[in-house]
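Participant: So the protein lines, in turn, are chains E and W.
For the first sequence, the numbering used here gives the first residue as 10, with consecutive numbering after it.
For the second sequence, the numbering used here gives the first residue as 1493, with consecutive numbering after it.
To be clear, the hints were calculated from the coordinates, so they are not data collected in a lab.
Nothing false has been slipped in among the hints.
Residues on chain E that point at chain W, a partial pick, calculated with CB under 7 Å: (1) Ser36; (2) Asp205; (3) Ala209; (4) Phe212; (5) Met213; (6) His224; (7) Pro227; (8) Asn228; (9) Pro310; (10) Thr311.
Computed from a predicted model, the values in this text were never measured in an experiment.
Glycine included, every Cβ here is placed at the ideal spot set by N, Cα and C.
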Amino acid sequence: MMPELVLAQGEPVEGPTPETPKGRRGSRAAIVWRTLRANPRFWVGGSLLALLILWAIAGPRLWQWRSSDQDTHWLLAPPMPGHWFGTDELGHDVYAQVMSGLGISLTVGFIGGLLATALAAVIGAFAGYVGGAGDAVITWIVNLLLVIPTFFILIICYPFFRGESYWIIALFFGLTGWMITSQVIRSQTRALRNRDFVRAARFMGFPPFSVVRRHIIPNVASLLIVDAALGIGGVILAETTLSIFGFGIQPPAVSLGGLIFDGSSSATTRPWLFMFPGFTLVGILFSLNLLGDALRDAIDPTSGANRG
Amino acid sequence: MAEPLLSVRDLSVTFPNRSGDVLAVRGVNYDISEGEFFGIVGESGSGKSVSSLAIMGLLPDNAMVTGEIRFGGRNLLELGDRELSHIRGRDIAIVFQDPLSALTPVYTVGDQIAEAVRIHDRSVTRQAAHARAVDLLRIVGIPDAQRRASAFSHEFSGGMRQRVMIAMAIANNPRLIIADEPTTALDVTIQAQILEVLEKAREITGAAVSLITHDLGVIAGHADRVGVMYAGKLVEVGSSHEVFHAPTMPYTIGLLRSVPNIRTAGTQRLVTLAGRPPSLRALPPGCPFADRCPLAIAVCREVEPALVSPSVVGAAAHPAACHRADEIASGAIPRPDVFPVADPIPSAARVPPGTKGVLTVRDLKRHFPLLGGGFLRRPIGTVRAVDGVSFEVAPGRTFALVGESGCGKTTTVLEIMELTKPQEGEILIEGTDVGAIGHLERRSLRADIQMVFQDASAAVDPRLPVGDVIAEPLLAQGVARTERNRRVAELLELVGLEAGMAERYPHEFSGGQRQRIGIARGLATRPKILILDEPVSALDVSVQAGIINLLEDLKADLGLAMVFVAHDLAIVRQIADDVGVMYLGRIIEQGPIAEVFGTPRHPYTQALMSAAPIPDPAIERTRERIVLDGDLPSPAQRIEGCRFRTRCPLYRVLDPDARSLCDRIDPELEPHGDARVACHHVERNSLVVA
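Construct the complete structure from the given sequences, taking the supplied hints into account.
Facilitator: Below, the structure is given as structure tokens:
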């Protein structure tokens, strides 16, 4: 209790802040963008992610092998000039497979992870803010979805989207991954709802939607950012599990998760099968973390890096 | 002279910190003699609590404590935790500010007190310890002590919990009781009770008391000697008479004049201390008060003055840390001239009564159902939070609602702010019934009525830059961006901040500045009515004065009608034109401020007035008090007849015939003089009013 008391009065900074240009006043969006731009993590994370995306899109066009091609001369070849990342036991070029898998995994991960977080934010915030019957119904649905195993739902639904593209898999993860986070958001919203600044906004005449958008979501943003970053990585890996059971992404299409799983059994003997897709996944997660940190610091003025 | 009980020498406390060490206490010296009542007064961050916790050895491990604390012939700072434990609780006891967190929720209070007895004396049997606990609870005035000893802390009210804390503190007949802001969280009527219990505890145990507070009024009534702390140092020490009547350090002089006094409030403006205490991380050389001091001279900015007695022949001189103490003590600089004489409030600025009201509230009621804990959550009672409140506020006038916490004053204003049809009664804004208007009209009507909240840091979104915070009501009204930006700059200047601060986030501001932001937001739409819910109660006194003065200026300049909710009567008298005293959801006395506070007629108003401390030891010690019994009854409880009769000092002295009237009939507000009073026996009321 004591250090707080002591620190509290030393905290605020007096005098004009040096970096703010006088005259033009920025609103929150402008200030968040400016803080983001000034953060090297944003640039490092952003460029890394951009490079990965570019690699996934443009890479296959510039490479002689396609992911489904088999080079029967070189089975299980280590990295070499013609096969930069080596080949697997069927002669597939790993470099081509990683690029193809990266594209699919990024799509599935981003759609699935971001959709889940967005649903959690919107549903949780409204359930918590509006309360009453709507809240009761949402909580009931959430509890129902939580007790039904998602795998079970997938098995039931699978016949309907068999053979469709991996977009469906992404949607599936988005629609089944929001429940737990939404309950966390809901309870945080309920605490925020009774705070004076939310009450003040209501007394100003803002409708519920505006209050949620302006005050609730930014105040739970730290949680949402972490959830999204973890969620994207989680979906990429979870997709693997589906593939193993014969759902999800099936050959000849490949995903990063699938490559990692296939390669993990020979990680020590033929490391190239495991390492290259693995490092690519680490690259995705690393860039997401940097971006998430930068975004959180920009939105939350009291978070770590801003505390001085 | 005998060795003092406690002797603090060169005590310094530093908290190491990444961004610079915090020098919380910087070389404090003082003595407390046996049985003395020593008061330490200071604003938040002055180091008053830290220095006392250092005595108890209760600072966090990272604190670096140097100096000497001699108690009973030993230096406490050299003792290990085990040895200190023998002294803590037995020789030195502490009463904390927040008794809810200081008591363990899972043990009964009797067990906790018994434990305090047994931990220092294992020879006491459990039964004996329990009997002692019950005795102690009785001493501190807990009714039905035998039964209440087996209750848990959450079953007690705040005041009762603080009594339990005092009982625990005196359990081992300590020689020193440290009371750290013991009454800050309590209502004035309860505060008066607790201070009496503390005095009684001191009489019974013969212990010395070290009372730490920010409230000069609390100190004035009780302390023998007073120490004033500022920026980690004692800047003035003397008998309470000396400090209050002949203050020598300019900070003390300013502090005393920035506090409204309930007897004189409202006749002149409060003195404000410009600026704020320095950051304890990077203290400039020289006197830490120099930047705020109107007497500062060159030497003040170079050398920090020591706490020494001024060398004045003949005159009573007590130590003060000021380079110009000699001049002040000798009278070469008259004390009233230290801070520029405040202008009296021009009477022309006060709008005469009788002007047509812009906000009218008629017979407002708000009842909450009390739900049972069972599966069906059936209603098991009703909380009558607001039960028939009527008042009217005219432009340029301020109506104050005062009362203890739980009396319904905040619920009343929140009900008004909803701008919907109340459960019962009417709310009219400029003649428009808010219950009879549509959605769009209501939204535009919100521009006319705005609110300022008690806790400024909770009332602004921490994720919004203050420019956006202030522009929010304008955004809600659909004002264009350029116009919003222009208005934000204007408003920041109006409340005494800089227009360039708009891009900063709320956490970069101090408490007083944040409240100014709250006021700026309240004024953004040029409202006709501003509702203020305890706007200064969370602020330090020297900052409080600045906000009060600002509000007075705004009221006069903008012709605002203000509804001011407060529990501090002196502040209400300073700022309000009319007042309504609330008790359990009703206004029990209402009228012009001078009439109600000048000649209070309702026994509750009288009790509130007499409980409000006055920062003047001469008055405080001679005036008679009406101390109310017990706590505010729960608003869920149904009291037949007059609601106040359970605590009424007048009721107790009435004959049975007169009492039966109170028992049967709930009194209505009846005109008496210029005020209206809800009491059957106004003319019989001869209670002494302090």
